[in-house]
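Listed below are the residues making up each chain.
Number of protein chains: 2
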Amino acid sequence: MKASRMLIATLKEVPNDAVIPSHILLIRSGMIKKMSAGIYNYLPLGLRTLRKVENIIREEMDKAGAEEILCSCLQPKELWEASGRWYKYGSELMRIKDRHDRDFCLAPTAEEVFTDLTSVLVKSYKQLPVIPYQIQTKYRDEFRPRFGLMRSREFIMKDAYSFDVDTEGLDKSYDLMYKTYEKIFDRFHLNYKIVLADSGAIGGNGSHQFMALSSTGESDIIYCDCGYAADAEKAESKAEVAEKEEMLSLEEVHTPNFKTIEEVANFLNIDVKKTVKAVAYRDLEHNKTVICFVRGDRDVNEIKVINELGVSEELIRMATPEEIAEIGTVDGFMGPIGLKEENVLIDIEVTNMYNFVVGANKKDYHIKNANFNRDFKGKILDLRLAKESDLCPICGKPMKLERGIEVGQVFKLQTKYSEAMGCTYLDKNGQTVPMVMGCYGIGVTRTMSAIIEQYHDEFGIKWPLNVAPYHVVIVPAKYTDPAQQELADKIHDMLNDTKVEVILDDRDASLGFKMKDFELIGIPYIMIVGRRAAEGIVELKDRMTNEKVEMPYEEAIKKIVEAVENI
Amino acid sequence: MKASRMLIATLKEVPNDAVIPSHILLIRSGMIKKMSAGIYNYLPLGLRTLRKVENIIREEMDKAGAEEILCSCLQPKELWEASGRWYKYGSELMRIKDRHDRDFCLAPTAEEVFTDLTSVLVKSYKQLPVIPYQIQTKYRDEFRPRFGLMRSREFIMKDAYSFDVDTEGLDKSYDLMYKTYEKIFDRFHLNYKIVLADSGAIGGNGSHQFMALSSTGESDIIYCDCGYAADAEKAESKAEVAEKEEMLSLEEVHTPNFKTIEEVANFLNIDVKKTVKAVAYRDLEHNKTVICFVRGDRDVNEIKVINELGVSEELIRMATPEEIAEIGTVDGFMGPIGLKEENVLIDIEVTNMYNFVVGANKKDYHIKNANFNRDFKGKILDLRLAKESDLCPICGKPMKLERGIEVGQVFKLQTKYSEAMGCTYLDKNGQTVPMVMGCYGIGVTRTMSAIIEQYHDEFGIKWPLNVAPYHVVIVPAKYTDPAQQELADKIHDMLNDTKVEVILDDRDASLGFKMKDFELIGIPYIMIVGRRAAEGIVELKDRMTNEKVEMPYEEAIKKIVEAVENI
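Taken in sequence, the protein lines are chains A and B. Residue numbering for the first sequence follows our numbering, starting at -1 and increasing by one per position. Residue numbering for the second sequence follows our numbering, starting at -1 and increasing by one per position.
Simulated from the structure, these hints should not be mistaken for laboratory data. Wrong hints could be hidden among the right ones.
Said to hold, decoys possible - Covered, in the sense of this in silico footprint (three residues per stretch, anywhere, with C-beta under 8 Å from a C-beta of chain B), are these stretches of chain A:
#, segment
1, 21 to 35
2, 38 to 48
3, 72 to 83
4, 109 to 123
Think of the CB as a built atom: it goes at the ideal place given N, C-alpha and C, for glycine as much as any other residue.
With the rest of the complex left out, here is chain A (with noise of 0.2 Å):
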């Protein structure tokens, strides 16, 4: 391919709106361009690269037996009122009316269809397990889209779903896309953490996110070196146990215009680690109001109140002073004491504490020396947001933080969906029963975000060769030099030949400005044919390392062939 046939679109400037690595330079190298918030197109080099981010996934699906289908973004409603889900997504469900006023929506997953197509297609337990999967571009309207293919409000993303016999074939197929997602993973170079992740109103360990570690992540992954790892969303911690004291008796104190915990703690000269915060949410789908307390240095993990209260995400939120005054307390002085049990939720790490301070329910009061089972009871749970440094769950030493972008997750569904869509097959006794399924994604355009958060240098991108554009340029210093030329040439045509993906920079401009182009682009290897062409000796540039080496333009040949081949 010669460079001045194609599209090459650098650029010097940084897009106003890219703050992150990768949204800056798929921007800048003219992989891609934005057409509306979070919308983009994918210009020559971006989508070689997109197919090549595709096809590794594509293959290591197939090689697991899966198979590959491909379904419609704009789905009827009919199919998203089957699952609830019509009413239950909000303003992030695109929706659409066709000119017969019948309602669709641009999805961005494809749980039903799967479902629905399954349901029609297997009929028998001879017919389980099936893996059908997809690669497909999925819509979802961010409020504020960022980061370029990050959150963007169009993306490709493949979904797999599973569909088992029972749970044990589920475990299996679980256990196979596991593994299929570290090969994947492993094959895009990339530096990841299998984090256990929330599985909602099911539970257990039924989930895990793959995350690619970088500062730019906007996941946080808590974790410790004995192995464990989850979402900073479903990570659990040990609870601290303070050291015994005496009860002593209650005591109601005054302590009006203090807003915060802290401050209250401030006041009375304790340790905020002696107090207990409140947190109170309103439950939309039961109409209830609960009250969460935890240490005062804590905060709630909402994700587990929600689990807690088998609410969906959308049917909960913070509740307002009226409804707090509706079950007997007052905002910001809520107290255990005196509550109904019904109202309270109390983290475990609470029943370790001694002679505590809570709010009194009482305007402008708190109570000092409360003590959980002698004062107050209510529903005991981990409710805590799991920290840095907080104390690992399993081996009980301080744990790390890391930031992560999830680029994978594996989730157990189980008949969630096969129950509320009718996917049942035939046993063996001839008994219906509904399929167990999973469901496997991977966000195809955040991984080619990901692998340049961590491949990427001042200079550009440094693209790992199984998913660069092409493989190599050609840069002559000086390309209507007639040496250079015909080397050039030369050095072209051979690798034409092989398996090696190819540009030659033919273009009349300086070797500086050529070589900034594709140390942007990140083409892995860049062959300089400059002053010494007569003598067929060229520049091996390796964009990984920034090395330049001069060799015969044979070797240089050789050495891209043997790489390419391993790829």
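Position chain B against the provided structure of chain A, taking the given hints into account.
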């Protein structure tokens, strides 16, 4: 691939909305599955064929030096306003609002986005020509989607756009794409005709359609053995010349209660070829009524009227009786005599007639012995619809008619979009000049249907080898028979080591059942492993000819491997 692990979903029943073979067979073979009217999901076998069709197109486009990109089908209103098509497009354009109430459409074509992209990416004549293309899903909200993938609401198209410095460059790009399309449709083994197509206001020989011949096609092709071929909308014919007569005097006749020109001719006992028919249109863009006059046995070609008026298709309709009255005539009795010339379009054939009957522009009256020039004038042009057995405009012999499926179109856009959207380049003298554009479409999913229309029989599809989902299926008569299983497995393993894509039908079902499935699906080679398995003898069925030959399995493998290598 083992059939027991595949999502094979053949149907015995013909779906009740399917009338043409490709629709029936795509559904019955389990290649696609309807999700909503005109929206289909691609099951594993269908997706494999779709990808092969796409890849053949991609290979030939790449060979021609075109560069693949991928543009979102979700496009902002602003782009479509810039070209003026947001308002011109009617209800076939699917429109959607995002959560911020901004307008988007699901694009039916991509002139806007390609023009916009190129205007940014290309600045200088040095970068031209370029031919970016994409293979992407498109949307057209058909009032009545039908014929499966042939006229669906969601379909896949390859669309390419060429950008040149001048019309000479455009001619070259057009020619290159024309030749590339011939290569592509040859590789699909389609029997097709390339026909002159209407190119609207641009005129000239600025468009060709590639028509796969089929009785189920929706397009009429008028052609002559001399080589002339045109879409019926575009086709010309040689005007007939009536035998010369002495001009007689005008004579008013009372013709009450006759609705059609045939009734009038009958009443007056004359050949309908001695009458002139009138059709009135209302041009909503220029607020003007025009009456078109053609010989009584002819029809007006509305496209020719539209091109003459230079109005877009959505802005023309039949005139109402009131609009007709406004220009001084009467619906049902319209004639050219006495009308203003600006309201009259006359087919050239009318100027070759003598003493004919026309409407009297007065209720219940016609006029006899009208003659052009003596009695009336007006704009003369080719207005009539060409029909089978009309005379060829080139050689004068009677033309023939066939029906075709439009699978591709090439079109000279000239500067329509580049001027509207400011897609310019700097020429050698530093002058800003609009790029000269062409556009080139192939209906990818429609081509898949067209192949089936030409390659099927009463048993099912007969895929050409290069687009078949798999090349061969091994069908043991009884897989549980040890000799059959051993040989079938051996052949499966041997073929898996080659490029041949193979299915082993290991299902517990009768030979007849399994054969029916794969004849319906249209796998090119069916290798039956039956009672002579122990001797190493198989039966090889060629699905294209339906011939079955017994031979040693090694010979069968050799035959298939060779065929696949020669694809």
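Tell me, in ascending order, the numbers of any earlier hints that this structure violates.
-> none
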